[in-house]
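Asker: Kindly produce the complete structure, drawing on both the sequences and the hints.
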Amino acid sequence: MNKKYYIGCSGYYYPAWKNKFYPAGLQPKNWLEHYSTVFNTVELNGTFYRTPKLSDLKKYHDVTPPDFRFSVKMSKQITHILKFRESQSLITEFQALMREGLGEKCSHFLFQLPPSFQYSDENLELVLNTIPNHPENVVEFRHASWWNDEVKRKLTAAEITFCNVDFPGLETCFMHTTNVFYLRLHGNPVLFKSPYESSELQKFSERIPQSSSESFIYFNNTYYEAGYENAMQMQKIVDRR
Numbered sequence: 000m001n002k003k004y005y006i007g008c009s010g011y012y013y014p015a016w017k018n019k020f021y022p023a024g025l026q027p028k029n030w031l032e033h034y035s036t037v038f039n040t041v042e043l044n045g046t047f048y049r050t051p052k053l054s055d056l057k058k059y060h061d062v063t064p065p066d067f068r069f070s071v072k073m074s075k076q077i078t079h080i081l082k083f084r085e086s087q088s089l090i091t092e093f094q095a096l097m098r099e100g101l102g103e104k105c106s107h108f109l110f111q112l113p114p115s116f117q118y119s120d121e122n123l124e125l126v127l128n129t130i131p132n133h134p135e136n137v138v139e140f141r142h143a144s145w146w147n148d149e150v151k152r153k154l155t156a157a158e159i160t161f162c163n164v165d166f167p168g169l170e171t172c173f174m175h176t177t178n179v180f181y182l183r184l185h186g187n188p189v190l191f192k193s194p195y196e197s198s199e200l201q202k203f204s205e206r207i208p209q210s211s212s213e214s215f216i217y218f219n220n221t222y223y224e225a226g227y228e229n230a231m232q233m234q235k236i237v238d239r240r
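Using numbering that gives the first Met the number 0, the letters of the sequence shown map in sequence onto residues 0 to 240.
Bear in mind the hints are in silico, worked out from the structure with no lab data behind them.
Note that the Cβ used here is the ideal one computed from N, Cα and C, for glycine as well.
Check the hints yourself; a few may be wrong.
The calculated lysine-lysine pairs, modelled on PhoX-like cross-linking and capped at a C-alpha distance of 25 Å, are [what the hints assert, rightly or not]:
(1) Lys75 x Lys57
(2) Lys192 x Lys17
(3) Lys202 x Lys2
(4) Lys28 x Lys2
(5) Lys2 x Lys75
With beta-carbon atoms standing in for the labels, derived distance ranges [said to hold, decoys possible]:
(6) Leu89 x Leu169: 24 to 30 Å
(7) Tyr222 x Asn128: 34 to 40 Å
(8) Leu25 x Arg152: 37 to 43 Å
(9) Ala15 x Asn128: 38 to 44 Å
(10) Ala23 x Phe173: 36 to 42 Å
(11) Lys153 x Gln87: 16 to 22 Å
(12) Leu89 x Gly168: 28 to 34 Å
Answerer: Structure, rendered in structure tokens:
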């Protein structure tokens, strides 16, 4: 099977990267364009806090290469405030805006749920009935109660992609529910800061299932340089696969 790997960071707009990842003198308005010469995907996490303008989304589309892909984090209004209740129309509107702005480069929507949203039959049904049933929709749970066979079975049946995570204090769980492999590496043991050793990255790469046609791997340990450095390392590792 011809596999495609998309590897990048959760966000790109980090002042700490200035004069390091971003060349001296490069204006922030040009950061995404430069980022896209190194990586082939980015997770837009600013959309969690506010909905961007259509004009800005179109700029993101236009300054990146044809094969570049965006994963978009769903608004916290939907996942953390409403916690999916009465939110179908908001999801439809949000996704329509992203698709209009990012076009064919819009690949996935990440629904990150808070640790307080724990597993129950009711909550699982809420997830299944609210998130559109399609592999482009990715759900990230932050509580280990979701690591169970019933979740795997029902997400697989609904064709919703499970987000594999490495997160401090949370047992790393790998679950494959669609032909998309999606992994977020948040930094461990120090959230957003800790770098990963090459041996750790190698082990993560070995967990990518043979059945996945596309793999999306995002580094969220972006507080300092670890995020982009680890992403570059992972690129080299998967190139050898």
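Asker: Could you work out which earlier hints the structure fails to respect and list their numbers in ascending sequence?
Answerer: 4, 5, 8
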